[in-house]
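A.B. asks: Converting from the sequence shown to my numbering requires adding 1 to each position, the first position being numbered 1.
Derived from the structure by calculation, the hints contain no laboratory data.
C-beta atoms are modelled at their ideal positions from N, C-alpha and C, and glycine is treated no differently.
Check the hints yourself; a few may be wrong.
Stated by the list, open to error - Label-pair ranges, simulated between beta-carbon atoms:
1) Gly-118 <-> Tyr-97: 38 to 48 Å
2) Arg-54 <-> Thr-92: 36 to 46 Å
3) Thr-92 <-> His-28: 14 to 24 Å
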Amino acid sequence: MVRVGFRWVTLVIGRFTDGMTHSTSVHPTTVAAEHPYVLERAFNTFDPECVDRLYEADALFVPRPCHPTAGPGRLPAHRDFLALRVPIRVTPRHTYVSGDLALLIVDWVVEGRAAHGAQVRIAGTATDVARRGSDGLWRYVIDNPFGTADDPEQAGPADAVPEQADGPAAASPEQAGPAAGPASVR
Numbered sequence: 002m003v004r005v006g007f008r009w010v011t012l013v014i015g016r017f018t019d020g021m022t023h024s025t026s027v028h029p030t031t032v033a034a035e036h037p038y039v040l041e042r043a044f045n046t047f048d049p050e051c052v053d054r055l056y057e058a059d060a061l062f063v064p065r066p067c068h069p070t071a072g073p074g075r076l077p078a079h080r081d082f083l084a085l086r087v088p089i090r091v092t093p094r095h096t097y098v099s100g101d102l103a104l105l106i107v108d109w110v111v112e113g114r115a116a117h118g119a120q121v122r123i124a125g126t127a128t129d130v131a132r133r134g135s136d137g138l139w140r141y142v143i144d145n146p147f148g149t150a151d152d153p154e155q156a157g158p159a160d161a162v163p164e165q166a167d168g169p170a171a172a173s174p175e176q177a178g179p180a181a182g183p184a185s186v187r
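Please build the complete structure, drawing on both the sequences and the hints.
C.D. replies: Here's what the structure looks like:
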């Protein structure tokens with residue numbers, strides 16, 4: 002660890018990390034209730050491969066309501082979402098474990114200034130299923146970040162109005178990054 006100005010910077014295998022990023026050595030947990038926090042740490046590395054290590058090989062990811070992807074298709078979906086470079090905060094609501102399966106209900110928010118400069122806020126309540134593998138580690142089988150949210154393509158005109166900006170004109174959803182479901186862009 003090296004002190005640079007007022008920030009601590011760590012060199013991890015040729016990669017610098019600071020207060021907004023973490024080492025990509027995030028690993029699955031042996032405790033189901035900790036799985037959302039592990040995802041938070043992985044997400045905040047902005048490394049799609051790091052995030053994808055928390056999934057079973059054929060796991061399903063729903064990057065936007067009614068549009069699931071599985072297996073190798075998850076990586077581009079993670080890459081699109083992480084391209085915003087805005088950290089996530091998770092607040093687990095419920096964890097129900099039965100044998101080697103867990104149902105995780107988790108509130109989450111991605112909020113801040115995106116890499117393209119616009120202020121973004123994307124939030125939801127995830128309905129996820131994780132499974133404990135033979136190695137004792139929990140991984141996603143189904144990651145549905147928007148839970149019961151409707152398909153935005155099926156939404157009516159009133160649902161399509163973005164939150165009004167306090168300052169300059171609101172950015173379009175295309176400027177905000179991937180079509181990730183219920184969001185407001187300022």
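A.B. asks: Hints the structure violates: just list their numbers, smallest first.
C.D. replies: 2
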